[in-house]
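**Student:** Take the sequences, apply the hints, and build the full model.
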Amino acid sequence: MSTEQKQKILIVDDSELNRAILADMLDDEYEIIEAEDGLQGVGLLQQRGSEISLVLLDIVMPQMDGFGVLEVMAQNHWIEDIPVIMISAETGSSHIERAYELGVTDFISRPFDALIVHRRVVNTIMLYAKQKRLANMVADQIYENEQRSSLLIDILSHIVEFRNGESGLHVLNVRTLTELMLNHLVQKTERYQLSPSDISMICTASALHDIGKISIDEKILNKPGRFTDEEFAVMKTHSMAGAEMLENLPIHQDDPLVKVAYDICRWHHERWDGRGYPDGLLGDEIPIAAQIVALADVYDALTSKRCYKDSFSHEKAVDMILAGQCGAFNPLLLDCLRELSPDLPALMSGSNSVAQRDRREMRNVAQEIRRHEELTASERTLQLLEHERMKYSFFADMSKEIQFEFTVSPPMITLSNWGAEHLGLSEIIMDPFHQPDTMNVIDPADTQNLSDALRSTSPDLPVVTYDCKLNYKGAWRWTQIVARATWSSDEPPRYTGAIGKAIDIHDSRMKLNALERMASHDALTGLLNHAYAKKRILERIETRPTASYALVIFDLDHFKSANDTYGHSFGDQVLVHLAEKLRQCIRGGDIAARVGGDEFLIFLEYKDDVDAVLSRIFQSLCGRFEQFPLSVSMGAALTATVPGGYDALFHAADAALYTVKRGGRGQYRFYDESMRDTLSVISPIEDGQDPGEDVLK
Amino acid sequence: MTLQECYAAMGGNYDDAIGRLRSERLVQKFVLKFLSDGSYELLCRSLEEKNYEEAFRAAHTIKGVCQNLSIDKLQASSSRLCESLRNGYTPESDALAEEVRADYSQTAAAIEAFQKESAG
Numbered sequence: 077m078s079t080e081q082k083q084k085i086l087i088v089d090d091s092e093l094n095r096a097i098l099a100d101m102l103d104d105e106y107e108i109i110e111a112e113d114g115l116q117g118v119g120l121l122q123q124r125g126s127e128i129s130l131v132l133l134d135i136v137m138p139q140m141d142g143f144g145v146l147e148v149m150a151q152n153h154w155i156e157d158i159p160v161i162m163i164s165a166e167t168g169s170s171h172i173e174r175a176y177e178l179g180v181t182d183f184i185s186r187p188f189d190a191l192i193v194h195r196r197v198v199n200t201i202m203l204y205a206k207q208k209r210l211a212n213m214v215a216d217q218i219y220e221n222e223q224r225s226s227l228l229i230d231i232l233s234h235i236v237e238f239r240n241g242e243s244g245l246h247v248l249n250v251r252t253l254t255e256l257m258l259n260h261l262v263q264k265t266e267r268y269q270l271s272p273s274d275i276s277m278i279c280t281a282s283a284l285h286d287i288g289k290i291s292i293d294e295k296i297l298n299k300p301g302r303f304t305d306e307e308f309a310v311m312k313t314h315s316m317a318g319a320e321m322l323e324n325l326p327i328h329q330d331d332p333l334v335k336v337a338y339d340i341c342r343w344h345h346e347r348w349d350g351r352g353y354p355d356g357l358l359g360d361e362i363p364i365a366a367q368i369v370a371l372a373d374v375y376d377a378l379t380s381k382r383c384y385k386d387s388f389s390h391e392k393a394v395d396m397i398l399a400g401q402c403g404a405f406n407p408l409l410l411d412c413l414r415e416l417s418p419d420l421p422a423l424m425s426g427s428n429s430v431a432q433r434d435r436r437e438m439r440n441v442a443q444e445i446r447r448h449e450e451l452t453a454s455e456r457t458l459q460l461l462e463h464e465r466m467k468y469s470f471f472a473d474m475s476k477e478i479q480f481e482f483t484v485s486p487p488m489i490t491l492s493n494w495g496a497e498h499l500g501l502s503e504i505i506m507d508p509f510h511q512p513d514t515m516n517v518i519d520p521a522d523t524q525n526l527s528d529a530l531r532s533t534s535p536d537l538p539v540v541t542y543d544c545k546l547n548y549k550g551a552w553r554w555t556q557i558v559a560r561a562t563w564s565s566d567e568p569p570r571y572t573g574a575i576g577k578a579i580d581i582h583d584s585r586m587k588l589n590a591l592e593r594m595a596s597h598d599a600l601t602g603l604l605n606h607a608y609a610k611k612r613i614l615e616r617i618e619t620r621p622t623a624s625y626a627l628v629i630f631d632l633d634h635f636k637s638a639n640d641t642y643g644h645s646f647g648d649q650v651l652v653h654l655a656e657k658l659r660q661c662i663r664g665g666d667i668a669a670r671v672g673g674d675e676f677l678i679f680l681e682y683k684d685d686v687d688a689v690l691s692r693i694f695q696s697l698c699g700r701f702e703q704f705p706l707s708v709s710m711g712a713a714l715t716a717t718v719p720g721g722y723d724a725l726f727h728a729a730d731a732a733l734y735t736v737k738r739g740g741r742g743q744y745r746f747y748d749e750s751m752r753d754t755l756s757v758i759s760p761i762e763d764g765q766d767p768g769e770d771v772l773k
Numbered sequence: 003m004t005l006q007e008c009y010a011a012m013g014g015n016y017d018d019a020i021g022r023l024r025s026e027r028l029v030q031k032f033v034l035k036f037l038s039d040g041s042y043e044l045l046c047r048s049l050e051e052k053n054y055e056e057a058f059r060a061a062h063t064i065k066g067v068c069q070n071l072s073i074d075k076l077q078a079s080s081s082r083l084c085e086s087l088r089n090g091y092t093p094e095s096d097a098l099a100e101e102v103r104a105d106y107s108q109t110a111a112a113i114e115a116f117q118k119e120s121a122g
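From first to last, the protein sequence lines stand for chains C and A. Counting from 77, one number per residue, gives the positions in the first sequence under my numbering. Counting from 3, one number per residue, gives the positions in the second sequence under my numbering.
Keep in mind the hints are simulated off the structure, nothing from the lab. Wrong hints could be hidden among the right ones.
[Said to hold, decoys possible] DSBU-like cross-link-like pairs, simulated, lysine-lysine; straight-line CA separation at most 35 Å:
| no. | chain 1 | residue 1 | chain 2 | residue 2 |
| --- | --- | --- | --- | --- |
| 1 | A | Lys-35 | A | Lys-75 |
| 2 | C | Lys-657 | C | Lys-636 |
| 3 | C | Lys-84 | C | Lys-476 |
| 4 | C | Lys-84 | A | Lys-31 |
| 5 | A | Lys-35 | C | Lys-82 |
| 6 | C | Lys-381 | C | Lys-299 |
| 7 | C | Lys-84 | A | Lys-35 |
| 8 | A | Lys-31 | A | Lys-52 |
| 9 | A | Lys-31 | C | Lys-82 |
| 10 | C | Lys-312 | C | Lys-299 |
| 11 | C | Lys-549 | A | Lys-52 |
For clarity, every value in this text was computed on a predicted model and none was experimentally measured.
**Tutor:** In structure tokens:
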């Protein structure tokens, strides 16, 4: 390769002098990257990946020793692509043995000879490069072979179609629908035990379903009108004829693809109810591959124009199949068709165009390869990967966000440069859950919640948003973490870690909290306002509907005269004082609010003696503020005696308060039925009005 | 003082170093760099703080550097100290540390003398 850059060698050694000696021997031909301990070495491997052509590794180092590095490299399968030469003063055979067991390519003991180090490095890199080139060649060849055999099948089935006068897309459509149905079916049920490679084989084999038609007279095949009974009998032989052609193949009879194709050819005109041909198989006696191809065949026949019929719309075709007008099918498959139906037209046309695009792209790649003879597809992938890596790290640095990547095995967090700086952590953290400085950044409960949330995602819905506080070098700030769980492509998928970013939302969150507080609290007394108190009360009742609650409303007696005599600012001081007394005499769980003017509300839960509770509160509120005597009138309603929810409760307490006002003030009363028709306190009471009944309980 | 005389003064093997590293220029470059390597200071500090794990690593590094440069005398004593600390503190490591200190001083003195003359 003419445009090749210098290959990169990573030297991991804790002594600068040792690194310098090695670097000096090699830096004419290679680009040298240095790491001063194992942890840094692992970090660089994580960042640069297969850019690195070789690692020279010391054993005894702080943070993580050479064996630790090898273990991480083995866990991540890096050791398979990146050769490691160990250089150490440790010459004990147990060390050397362990190093080889962990996958090092070579072991050089100190003191080393410059010529030998140089030669071994060059040899190892050459050997690996050759191996990689061979692996690429094999991969490219396999790819090419697969392309070639599917091309052959396409040609063969096209010949059959051509003879049938079918549209050139029939085989492709049947294959696409077969694939869609199979994928849907395995999601729905495990009844048929189909692996991804079974599915791909059935799809390929589906192209051959009608090869038997080659043996049918063209005059019958392309007859525009209805068949006579005799003609139909001839036509029916095509399924068995196709199967026999495959059975009589001189070679490959035992190939699994041929066996599946045989099933499909022979039985793609069987019916679920046993009334099909040629064998009259019933239900699941018909292989599932043949059942699905049969359905796909019927669907495509209905939606395409043929010499004997026009095409039906997708909806009509599905309706006809589901209604049993075109044969009898496995109810499970009909369910699949019904469920796929809304997306089917888009999926079918989409996949056709994907196939066409694929072909176009393949041609482009092929031309590309011809132009740069030495540039194979696999190397191109590597270059694209490196380009992506460069792009990613550039944007990560620009974005001023905390970006992170977490892997479960080995447990490791990689932070963006900016993020690490702002959290006061290093960019690469091994075993983060046991690092005190890392665990200081986030509350353990949040770590647990976040981990649980990520693990309970799925490959289809992998994104989690989580708000919590993070410690930015001593300052705890509200932060939104948006993370995407990464899942392996195994079946079932394994949780392998997460990528994501953390956004500082502290300021907007604080602003929101202040606004919420302003909206929910009375500015003068700092108590809740009526609307918000109501919301809290409703929540309380909803969480524990069976508990006993009391709603109490009270107001200050003769408050108007306090305002009139001493002025409004004195009146405000009285209210603030009363609110403070109120706060002191209620319990933590009780709700206190200013309803308006000099009216207040208390909502409390009680066990048995509610009268004692109320009496205590009543006594504590009475007293004196400067020259003004504090006297309150109080009405209470209990959920035990007043059904009908908050409004009824509030109205009843209001009525009880009104009754107290009429009865001479300075007392408290519980609501009872006699107060049903009383007025509200909201309408002011005239002084000197007749007191009602005796209000003392 | 020539590099060869410097090697003699510090108890090293000049021929071996040249044989392995293949050039006088390289050997001279790294011998001069030897004094700025922090491992000796780290060793002394770790021993003082009784951090024997760190002291083991520092002695190990000195041994490795000496091996590379064929500074045999200091390599031998640092290697003995290293082994005595491999599994933590042992009673003989105090005496071995003294030996390393003496050998290091001898090595440092030789290199400083060489440095002065080659600079002057």
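**Student:** Hint by hint, note whether the structure agrees.
**Tutor:** Checked hints:
1. With a C-alpha separation of about 18 Å, the suggested pair Lys-35 (chain A) and Lys-75 (chain A) falls inside the 35 Å cut-off, and the hint holds.
2. Simply put, Lys-657 (chain C) and Lys-636 (chain C) have alpha-carbon atoms about 20 Å apart, close enough for the 35 Å limit, and the pair holds.
3. About 30 Å separates the Cα atoms of Lys-84 (chain C) and Lys-476 (chain C), which keeps this hinted pair within 35 Å; it holds.
4. This hinted pair checks out: Lys-84 (chain C) and Lys-31 (chain A) have alpha carbons roughly 24 Å apart, not beyond 35 Å.
5. Pair hint Lys-35 (chain A) plus Lys-82 (chain C) holds up; C-alpha atoms about 27 Å apart against a cutoff of 35 Å.
6. Between Lys-381 (chain C) and Lys-299 (chain C) the alpha-carbon distance is near 14 Å, which keeps this suggested pair within the 35 Å criterion.
7. A distance of roughly 25 Å separates the Cα atoms of Lys-84 (chain C) and Lys-35 (chain A); the hinted pair therefore holds under the 35 Å criterion.
8. Distance hint between Lys-31 (chain A) and Lys-52 (chain A) is fulfilled; the C-alpha atoms sit about 34 Å from each other, no more than 35 Å.
9. Annotation: proposed proximity of Lys-31 (chain A) to Lys-82 (chain C) holds, straight-line Cα distance about 25 Å (limit 35 Å).
10. Restraint check for Lys-312 (chain C) and Lys-299 (chain C): satisfied, since their Cα atoms lie roughly 15 Å apart, inside the 35 Å limit.
11. Of the pairs offered as hints, the one joining Lys-549 (chain C) and Lys-52 (chain A) holds, with about 31 Å between alpha carbons and a cut-off of 35 Å not exceeded.
Of the hints listed earlier, there is not a single one the structure fails to meet.
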